[in-house]
Amino acid sequence: MGLQPPRALTRESLRRGAEILAGMDADLACILKRLGVPPLWARRPGFPALVQIILEQQVSLAAARTMYRRLYSRLGGMTAEGVHALQVDGLRKLGLTRQKASYCHGLAAMILSGNLDLTASARAADQHGRLALLSVPGLGPWSVDIYYVTALRRPDVWPRGDLALASALRDVKRMREIPGREEQESLTSGWSPWRSVAARILWAHYLDCRGRYLPRENGDQRSEIGDRRSEVRGQRT
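For any residue, its number in the working numbering is found by taking its place in the sequence shown, counting from 1, and adding 17.
Everything labelled a hint here was simulated from the structure, so no lab data went into it. Careful, some of the hints might be misleading.
Pairwise CB distance ranges, derived in the manner of DEER restraints [unchecked claim]: (1) T114 - R198: 21 to 29 Å; (2) R24 - G228: 33 to 41 Å; (3) R115 - T83: 17 to 25 Å.
All C-beta atoms in this analysis are idealised placements derived from N, C-alpha and C, irrespective of residue type, glycine included.
Full structure from sequences and hints, please.
Written as structure tokens, this is what we have:
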């Protein structure tokens, strides 16, 4: 395999990217020596993953996971048809805020109307696919970044609005303050084209520092990260 990553990470390319990053950055090398290469945590692309990400905005991921399971149980699955049929009021009765109920219902409506084709956007060049997702109310830059990292498994995405990653950067780079988005861009630009791999390494570090790192692949262990979004007030989605 060459130095360039594939369009979607595999276990092999994740390991290769980690090896390359270890050779580039001593701090990442120390994490990898301590924890090993993180598993390929991933979600299946599509409507359910986007609903999960919407529910995760501004709350703990544990709370979002509970809400998702409640909605899934009520519908007997997670489909655009089911969410759309519940309407905003029905979603609110299940505990969603009015805003998140509106976002989930609107996402379902766009998919059912054909105004959003998730298969086509995944196949498109990333800049075009991202624009399609950003046109959906409730999907901001952080949400789209997380979808591209965890569902589409793109190798070179850095979710700059992610507090866990910002906190991990502060730790490993021995900074006094949590770096802002521009400073994160400066710190991580040298990790391209493997920034998503670096993010996975730093998520593992963040979890390990809090005693919650369990290296497994049957699910997205970002769900084990505690209140990393609830700590951020007023951030865009």
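Taking the hints in turn, this is what the structure says about them:
1. T114 - R198: 21 to 29 Å: The hinted range 21 to 29 Å holds for T114 and R198, with Cβ atoms some 26 Å apart.
2. R24 - G228: 33 to 41 Å: holds, 35 Å
3. R115 - T83: 17 to 25 Å: Given about 19 Å between the Cβ atoms, the range holds.
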